[in-house]
Amino acid sequence: MSRARLSTGNLPTVVRVVLVVLGLGVLLAVPDLARVTPLSFATIHKGLLFGLAAVGLNLLLRHTELVSFGHVAFFGTGAYGAAVLATYYEVSSGLVLLAGAVLAATAVALVVGYLVAGHLDIYFALLTLAFNQVLFAFVVQSSFFNSTDGLSVRAGGVDRPSLLGLDQLLVSAGLDPVQAYNYVLYYLTVAILVVMVLVTWKLVNSPFGRALDAIGQDRTRARFIGIPVERYVWIAFTISGIYGGIAGGLFALLQLHVRPEPVLFAFVSGEILFMAILGGVGTLVGPVVGGVILVYLLDLARFYVTYYHALTGIVLLAVVYFLPEGVLGSLPALGAAIDRRRRDPGLVRNDVEAVVSSVRRGVHRAVTTVRILVFGVN
Amino acid sequence: MTERTPSSSNDTGGIDRRDALKLVGGSTLAVALAGCTALIGDESDDSTEDADVPDEPIEAGLQTFTEGAPAVLGLQAQYGAETAVRRINDDGGVAGREIDLDVVNEGDEHIQNYRRFVDEGKDVTFGPISSGGHEAMVPEIEDRGVVNVATDGTVTTLYEESFPDATYSFRFQNHDVMEALAAVNQAVEVLGADSIDTYAGINPNYAFGQDEMALFSSGIEKLTGAEEVYSGFPELGADDMSAHVTEVNGTEPDVVFSSCWGGDATLLLEQAHANGMFDSTDLLVGPVLYGSANDLSADLVDGPIYSGSRNFYWDEPGTDRWTPAADLVSEVQSEYDVVPTAHFMSGYGAVTAWATAAEKAVDILGRWPEQDEIAAILEGHGFFTPAGYHTIGADHQGYSNAHFGELGWSDEYDAAILENVNVFAPEDVSPPPGTVSGDWIDTW
Numbered sequence: 001m002s003r004a005r006l007s008t009g010n011l012p013t014v015v016r017v018v019l020v021v022l023g024l025g026v027l028l029a030v031p032d033l034a035r036v037t038p039l040s041f042a043t044i045h046k047g048l049l050f051g052l053a054a055v056g057l058n059l060l061l062r063h064t065e066l067v068s069f070g071h072v073a074f075f076g077t078g079a080y081g082a083a084v085l086a087t088y089y090e091v092s093s094g095l096v097l098l099a100g101a102v103l104a105a106t107a108v109a110l111v112v113g114y115l116v117a118g119h120l121d122i123y124f125a126l127l128t129l130a131f132n133q134v135l136f137a138f139v140v141q142s143s144f145f146n147s148t149d150g151l152s153v154r155a156g157g158v159d160r161p162s163l164l165g166l167d168q169l170l171v172s173a174g175l176d177p178v179q180a181y182n183y184v185l186y187y188l189t190v191a192i193l194v195v196m197v198l199v200t201w202k203l204v205n206s207p208f209g210r211a212l213d214a215i216g217q218d219r220t221r222a223r224f225i226g227i228p229v230e231r232y233v234w235i236a237f238t239i240s241g242i243y244g245g246i247a248g249g250l251f252a253l254l255q256l257h258v259r260p261e262p263v264l265f266a267f268v269s270g271e272i273l274f275m276a277i278l279g280g281v282g283t284l285v286g287p288v289v290g291g292v293i294l295v296y297l298l299d300l301a302r303f304y305v306t307y308y309h310a311l312t313g314i315v316l317l318a319v320v321y322f323l324p325e326g327v328l329g330s331l332p333a334l335g336a337a338i339d340r341r342r343r344d345p346g347l348v349r350n351d352v353e354a355v356v357s358s359v360r361r362g363v364h365r366a367v368t369t370v371r372i373l374v375f376g377v378n
Numbered sequence: 001m002t003e004r005t006p007s008s009s010n011d012t013g014g015i016d017r018r019d020a021l022k023l024v025g026g027s028t029l030a031v032a033l034a035g036c037t038a039l040i041g042d043e044s045d046d047s048t049e050d051a052d053v054p055d056e057p058i059e060a061g062l063q064t065f066t067e068g069a070p071a072v073l074g075l076q077a078q079y080g081a082e083t084a085v086r087r088i089n090d091d092g093g094v095a096g097r098e099i100d101l102d103v104v105n106e107g108d109e110h111i112q113n114y115r116r117f118v119d120e121g122k123d124v125t126f127g128p129i130s131s132g133g134h135e136a137m138v139p140e141i142e143d144r145g146v147v148n149v150a151t152d153g154t155v156t157t158l159y160e161e162s163f164p165d166a167t168y169s170f171r172f173q174n175h176d177v178m179e180a181l182a183a184v185n186q187a188v189e190v191l192g193a194d195s196i197d198t199y200a201g202i203n204p205n206y207a208f209g210q211d212e213m214a215l216f217s218s219g220i221e222k223l224t225g226a227e228e229v230y231s232g233f234p235e236l237g238a239d240d241m242s243a244h245v246t247e248v249n250g251t252e253p254d255v256v257f258s259s260c261w262g263g264d265a266t267l268l269l270e271q272a273h274a275n276g277m278f279d280s281t282d283l284l285v286g287p288v289l290y291g292s293a294n295d296l297s298a299d300l301v302d303g304p305i306y307s308g309s310r311n312f313y314w315d316e317p318g319t320d321r322w323t324p325a326a327d328l329v330s331e332v333q334s335e336y337d338v339v340p341t342a343h344f345m346s347g348y349g350a351v352t353a354w355a356t357a358a359e360k361a362v363d364i365l366g367r368w369p370e371q372d373e374i375a376a377i378l379e380g381h382g383f384f385t386p387a388g389y390h391t392i393g394a395d396h397q398g399y400s401n402a403h404f405g406e407l408g409w410s411d412e413y414d415a416a417i418l419e420n421v422n423v424f425a426p427e428d429v430s431p432p433p434g435t436v437s438g439d440w441i442d443t444w
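Residue numbers (full-length UniProt numbering), protein chains in the order written: chain D, 1 to 378; chain R, 1 to 444.
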């Protein structure tokens, strides 16, 4: 397995640095961009959080080659960890709520990871799904978690958590309290996201990361060369869950109310998996891009399109058929193709001819089918 | 003693602008939805014509269930809101401003929907249907400061205990205590207090169902001394309720109370009939069974089944002398091919409450009002719809008559109807202002 790529493949270091700086610049400018464009700041923020969870999931998916269908369990545990502290203990410090989220998710990931680490393939996937659903059913049935109505993340049900007093600082500088809170939380999210991506980069390029790659390629061989496979998978699973916990805790701080369906239901696990695939499983920050795109589609398409569920399916089909490496993972291939065509414009004519002949073939088949249906013969 | 002289236009000698608005808003100025130019006072009053009002349409957002099982209620709310908007616009708008209404599926995204509406610059938002969603939204509404008039989300504790000091969040539909106590009164009227010794409940397992059952229990125990013999809480959207029906059959209660709605109501009636529940109990009272009027069949409504219809039943009050009411059913049938239910009125009334308050504010202020000014007017605001007269209390809760009747079938409408409808005045089924419902029932 090659070194984990921060974004795309064999790009010169200078180009990579420029891309990273550009990416960071865009991230930092999102609140301003949203002010001057129709982009939704809140939706991008939420997309980054799910993207962070998808980065964690990708640790398992890309390196140990294990598909978890229940990863939202840790996202939800993190969100509920924060909500329980705020609702029942009236904790108002955002950082303490976040710490609670991480602790809760870590504990659950440790337990679930221990129980699933020895399993492979479909059994691993189904076990993670099962634990996810057990957790979901438990929360839905539990009056402590207020069943499907969920819990507030506001101490006393009214006050937003405090964010190190920075939000108050902005308020005293004349900013609207809601805006101040959202800005501080957003930049806190960006800071955590950057740190977590760097941690992932260090992790997957460490001996531990190499061992995970070995486990992903062949467990038996990995065991033969002395890698404690189950223990390493357990650790990787737990670390992966922690990403979900942090993302869930931040989500709780953003939403300020946590309900089981959006943060614990198995479908959301599928969405996190899709985010990783959509952005590019082979890249480090692809899942973040996938998170933003999918959340944007899921949240905003329904304001504009009646059959928005179909839209998500169409995007999934498009990715599988046309961008199998994901949006970010396909950029090198797309870049190379464009580069080739710039050097040899004749290729564009070939492309057009290929598309035209494909359409012509399709129409011909359709006409033939209709003729057979109508006249009984070709 | 010195005489105080108002020093500015905002100083009205001890009563600030907000108080002044409340006083005016608190008067029971009767306004009727026949289009907003005729809402306030007599039709010759053209005070809003000279007002400083922008030309742009009013941007409004409604979140309701537009898909899935809850759409049985949600689409009715959408039809109601659209009908009110259509009527207002046809009659010249609110102080000359037409309303543009965007509708979005509420799903589980209540807070995001509200935020999105606010980010889009909506002047007002309506909805949701969900109780839990409404509860989650209130602090966000208070933070953002754009008035929301909830169509439903009727948990009683919301404005009584959880958010007693709300500013921008309102609810049009009657809250749970009103329909739970209407059900108690209906049961007592049908069977007689002395004949009710036991009762049971089958209610959806979330805030609304738990709230309704708790209030019904308190009420019926106080009025009749009855004892609860079974209380089951199937999940919302359950695919089987037979275990609960079997439990009821085993305990043979005099009265069964169920706040199941939408697909749950249909399923309960199907399984109750299939398992002979109506041989084991004298009466089923359900405050929102009639919400599924267009989905029920003649055989399902057969039996001692009484349903509430919240603050609206289309045949009450008599509608022959007021065109907006007289035309309503035929208009709704031709436009949407359904019989309007109480959730239709949830949408219609929420829009009407806000539109009439906004028109009243323009009339008073001579300009388009700010959000806090509309909010102040809404407190104590009174207005008419085809359901009768409504008020929004100082607690931000809507108060209207509550309806309850026997489920029957109409071949003419090809839908369920209510017969022998009882109308309960708000003061008979809800506590006096400032009193918590539970405490009030305890004093019975």
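Because the hints were derived from the structure by calculation, they are not lab data. From a predicted model like this one, the values you see are computed outputs, not experimental measurements. Do not take every clue at face value.
As the list claims (entries may be wrong) - Short, incomplete list of chain R residues facing chain D, as computed with Cβ under 10 angstroms:
1) Asp52
2) His110
3) Ala207
4) Gln371
Yeah, the Cβ is synthetic: ideal placement off N, Cα and C, and Gly gets one too.
Hint by hint, here is what the structure shows:
| no. | hint | verdict |
| --- | --- | --- |
| 1 | Asp52 | violated, 26 angstroms |
| 2 | His110 | holds, 8 angstroms |
| 3 | Ala207 | holds, 5 angstroms |
| 4 | Gln371 | violated, 14 angstroms |
Checked against the numbered hints given earlier, this structure breaks hints 1, 4; the rest are met.
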